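Protein chains: 2
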Amino acid sequence: MKINQFAKTTPEIGIIKTELTQIGFPTTANSPIEMLKKLIQRAFWQVSGSNNQIQQLNQYLASPTQTLGNFLATNTAITAENFNLIALQLLGFQAEADFAISEASASAQKLNVSFHNHFETSDDVLINWYQLLNTHTKFGLTYLDQLAAQGYYAQNEISVNQPLFFNGKAQATFLTKDFLYETVYVQTDFDSDNDGFNDLIKVEVTRPTSDQPVPVAYTASPYDQGVNDSFGDRLTHAVDVPLTEKPAGTISLQSSASLRTGKAQAPKSTTESTTETHTPKPGYTLNDYLLVRGFASVYAAGIGTIDSDGFQACGDDYQVASTIAVIEWLHGDRIAFTNRTDQIAIAASWCNQNISMTGRSYLGTLAIAAATTGVPGLKTIIPEAAISSWYDYYRENGLVVAPGGFQGEDADVLAAETFSKSLRPGDYLTSQKTFDQYLQQMQLDQDRETGSYNQFWEDRNYRKNLKNVTADVLLVHGLNDWNVKLRNPAEFWQGIQNLPISKKLILHQGQHVYINAFPSFDFSDIVNLWLSNKLYGVKNHVDQVLPDVIVQDNVDEDTWITPKNWLSDKVVTQSLNFDKSEFKNELPEASYQKYCQAAQLWKHHLYDLNNPELSEQRIASVSASLEHDLTINGEVELDLAIASDQNLGMLHAALVDLGDAKRLEVNPQILAPKGVHLGYRWYTDNLREFKLAKAETPFKMISQVHLNLQNRTSTQINESIVPNQFYQIHLKFQPTFYKLPAGRKLAVILYGTDFEMTNRGNQKIHYQINNHSAQLHIPTN
Amino acid sequence: MKINQFAKTTPEIGIIKTELTQIGFPTTANSPIEMLKKLIQRAFWQVSGSNNQIQQLNQYLASPTQTLGNFLATNTAITAENFNLIALQLLGFQAEADFAISEASASAQKLNVSFHNHFETSDDVLINWYQLLNTHTKFGLTYLDQLAAQGYYAQNEISVNQPLFFNGKAQATFLTKDFLYETVYVQTDFDSDNDGFNDLIKVEVTRPTSDQPVPVAYTASPYDQGVNDSFGDRLTHAVDVPLTEKPAGTISLQSSASLRTGKAQAPKSTTESTTETHTPKPGYTLNDYLLVRGFASVYAAGIGTIDSDGFQACGDDYQVASTIAVIEWLHGDRIAFTNRTDQIAIAASWCNQNISMTGRSYLGTLAIAAATTGVPGLKTIIPEAAISSWYDYYRENGLVVAPGGFQGEDADVLAAETFSKSLRPGDYLTSQKTFDQYLQQMQLDQDRETGSYNQFWEDRNYRKNLKNVTADVLLVHGLNDWNVKLRNPAEFWQGIQNLPISKKLILHQGQHVYINAFPSFDFSDIVNLWLSNKLYGVKNHVDQVLPDVIVQDNVDEDTWITPKNWLSDKVVTQSLNFDKSEFKNELPEASYQKYCQAAQLWKHHLYDLNNPELSEQRIASVSASLEHDLTINGEVELDLAIASDQNLGMLHAALVDLGDAKRLEVNPQILAPKGVHLGYRWYTDNLREFKLAKAETPFKMISQVHLNLQNRTSTQINESIVPNQFYQIHLKFQPTFYKLPAGRKLAVILYGTDFEMTNRGNQKIHYQINNHSAQLHIPTN
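Here the protein sequences come in this chain order: S and H. Mapping the first sequence onto the numbering used here, position 62 (from 1) lands on 42, and the numbers just tick up by one. Mapping the second sequence onto the numbering used here, position 319 (from 1) lands on 299, and the numbers just tick up by one.
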């Protein structure tokens, strides 16, 4: 176990004393030991009676042979061993399991929670105590957060329902029993469902009671009002279909069409109170963490969802406009009503006009989309596992390429699933016909026939508007995310590099998951430090304090590093030497059927070069064992000359780490169910962490790429193929950050189709490659 | 999907009107349609404005072509199709996925939520509406519970913080923001750790604010203050050890020794207010469900846990006394203090002196233990997956037999794990030496050497005191629980049959799991009906309303049946015909090592009669395909003559269902994370259900039994074995309730050791059986 905290700072003693005083801790004493005693007594405010408190403190040790109560009553000096031992216990670590009682300082150092070793003055004690309050316990948040969750602020009546900042971060001083749950309907300027009226969008606000205006963590979640899985299932596309030849030609693009407008409802009156409430639904626990710390939590599902108007459109301009309409209301630039019919206007007067957006996947995607409009009031976005261009979600290099695990899904399927208005049969009675027509058009426009980049995808490419971004960006993505592939964050990250905004990047070792309850990494604190600055204006120097890039190491557990940047331009080129010069696409029918049912098995056989079942369909180039560690930082590129014996062809290339090793799991384990306490009488979260697998594995796929040979030049240009003619291609693997330790081998494996992601028609195609021309370009640190 | 509700009753119209009036629903109207309109409008109290309400109602359908708002505004008559269609939508079922819009009544019947089809009068509508309020939604609780969770009582100020009963069950009228969190220390009459003072027990009370005294759901959980896993791991016993010969003889037993007493603290003063609070920990969500309905939730971890005194003892008389001390305080018969040192006494004056006990496994075990003392105030227990005699947990028929999944665990291991005082190093500094000595004595007393029944187990056999039980019993167990095996509930159930108490039994298809959030079964309602009667004195006729025995079917999903009783005495006897007359114990070293590492694989190979790897170690008798369904109800018994070529021997017999079929999974799937709303602004639970596995399996173990051949007569009598001499044995399989459909085969498989549960020394032993004498006795319905 190792605690990594990037959002913890060490101010000078004057600030420490001021901040400790603000949260009700004493700062003066006649001796270091008296100082420590006063601080600890304060931390045990819940224990009634002085004899009782001594007995309680005697449950802890101050040295291997002395209990804490006795130590504080009789000792005259403090050693580093004393303090570290006390601290480790208060932080919830288990004696003789997580740390050694007789080696407290060394144990603390191993856990990465150590303290300075001066105890000559009361100030020395205060500095360490301040550090202790800011240090993470075993359970995912700081010791001060733990005290707050036990009722420290509420029971001692400190800053109740007022913003309070400690070490630059907002504290959990807001009472959950005073939270307000309000619902309003924001009126947009567009009519996406063509009913003649501008669409209304339902917005659910949960906010603390506070004397002063509060900022907002806004999550735009199309899933929030329900998901129609069976509708999506019905539309899911067949993927056991052949690749077909595309006519040669270049696809032309236009600028986006303007939005259709409808009739607006004029306000008949205004009010200061909402009349509708809402019942909390399971949401992003980060928002719940923020709520109790003075950030309102705002959810909107947007057009096409229950109690709102309009159609779901998988990220088009209407959906983006629907997303930012909520921000415009929060910022005072747009009208909202208390209900859908009575035209009573209500302002977000409780909001300090500073808005952030949070969320993962589609939710983070809409945060990116919103930021690219430059909407006023949106001060920062924290997109996690987010799409920056939908082409990079459903397509790749001229091919239909599914998000991992969702074969046959496409933009229309997602639109149907999130069209939650269809879950209300009365609503659907009127909208079904037009929405079905709308879906049919979408099915044409998304063009699964060619997989090329066209106007549909151009309309859903937020990167074309990056110049508009004024919101600061805290970007988060999993390096093992094969659902939203890493081209999405990489191109976004590169595209904002020169904008005059603050930008930070966190890459973790998960797949498509949240990371806000990990003991090894203080993500919630980072967000808190970030938003305290961006939304509350706290001068905590977060832009300097946070490293620009934090990457979780893929070899060691609980290790987070800070490389200078992601996507290095320092490149090493290697010649490849494939084991054969030809491979074929088709499989025997039995194998084909088997792999269609079990894509995981196919992947396992593909990467296991000893497995003979795919030997005719695969060629591989394997490096010698690495003499030194190699860190891949960015997009690996592949040069290759390839020929197909047909007038079409597709290629799946994988970059694979070979060698027996225990590797990190890509899904977190639950270490303690409900172990993270987000606030006083408030929600909990499961404490979780990526752990090393118990067993060794022989390989791991590092990155991959897919190509339609007709799009060897561009996704927008379809070119002919002359059978058996060699074409030089230049492939860019999905970007990554991967440490390959010395002793491992690096393999490039080529294959025709991808059972997990591409269409798989089991076509008879024969490929040849030219070994002499094959080169790999590896970006390194 | 199918809803089964056993706690729903249909009173006569007068009572229906009274109850509807009490919860604020109208009961008079000029016509059936007006009646329905008024009721629905009330259910949509949250929707502001009349135009808005019509628009909201128009999201629903009243017929395939008419929306609900329009229907209520214009129609003059109601049909059963109308009502069922409306009801299914309000219950959260999805149109065209869970039900057919054009076949609403038939769909409702399939879902088992149908209504009567008269709508001539307003009363007809009221009866159906009453039924609807009491019907389960798709999300695990009733429609009225859903309204309550949305704020129906709180926002309409109906019976807030007062007990309210509807259809015999307590309603969620208590505000969570007004809950009180109190901690007290109950003083016992004994001194388990021999420190000279009577042990204090920490008790954590969470209770609603209420004008009148409230009853209690009390959970005695030794795990509640933390678990020292590493301590337990350290003590876990080696199981790859040989069986040894026991000297012949009979073990004598005495009555229990009396408890050691220490010095009592006299109260110095009394108070009405506690001074210590507590932070909610994850507990049993059933208690959280009850809390908001007017039942205080009380947790105590008992002796040997953090902030209490004493030692952990795995269920001995001290632990039982510690468990009931809390009840005695709640009932007004015992003193408690506000803290551990200041001797300020506090009474549970808020308690109506009616106490129930809830909990699973060890928690339920202590409920059984408490009930067998006859302690006043304990009105009922709801033990789930509970132990009734610890011999039946850690031993079987003269053998050490581990709880499934916990090889090497024993009473000492569990005592160490739950001795959470060891997690507080200061506390442990003083107790370590005496507790270690105590554990050493326990290790001798539990006697892993012989596995026979002795004084240690007699002291932990609660069944010897069944005559004392005065509490009503609602007993719950999983038919696939191989952790707490079914002899525990079976012998308890049989033992209380003739007591003058009310007793009910629920057997589900899970292993060691809770069942309180299943859409198919109204377990929470059953408990609510039960406790409303037992603790609040509501005359809801629960003893008559609830079937005596409810069993979940093992063949069909979502099916719960009500056999007359469990453990039938109608027996069918079959002759067996084993495929061989001999088998040996030892395996080749490689196989042995493999199976030691992977007991699940061993089990799979054992029951797969086509697998040759265990063919010399296994003999089997397989029936012909069954011509008719066979229901096994109770203990299957096996008569057999067997000989060992050594002076010792052990037998593992399994009863196996053979035949390809999709079988129910024994762990529930999560259908909707946080999908069950337990109350207004209160906790949620994961909605879950046992589902049929997606793939067919070739077999399933129905029951099993283990025997030390030296204990062929009794667990208390060790008899010699003459090598190669045949002994007649009579084995009782663990009790079960199992439906074997026609077409399946029933197999009896004999083996030496059990890699999952017994010691496994890979000894060279050769067994012979006499086929002529082999008979199986099957209890059937």
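Just so you know, the hints here were simulated from the structure itself, not pulled from any lab data. Where hints are given, some of them may not hold.
If chains are identical, the list can't say which one is meant, so a pair holds when it fits in one copy or spans any two.
To be verified - Derived SDA-like pairs: lysine to any residue, alpha-carbon spacing no greater than 25 angstroms straight-line: (1) Lys413 with Phe73; (2) Lys712 with Leu0; (3) Lys261 with Gln135; (4) Lys(-12) with Gln234; (5) Lys118 with Asp213; (6) Lys544 with Leu70; (7) Lys18 with Thr257; (8) Lys261 with Ile138; (9) Lys574 with Ile599; (10) Lys261 with Thr59; (11) Lys157 with Thr257; (12) Lys725 with Ala327; (13) Lys642 with Gln111; (14) Lys413 with Ala325; (15) Lys261 with Thr117; (16) Lys544 with Glu569; (17) Lys564 with Trp330; (18) Lys671 with Gln577; (19) Lys671 with Val207.
Quantities reported herein were computed from a predicted structural model and do not represent experimental measurements.
- Query: Going through the earlier hints one by one, which of them does the structure break, listed in rising order?
  - Reply: 2, 4, 6, 10, 12, 13, 14, 16 and 17
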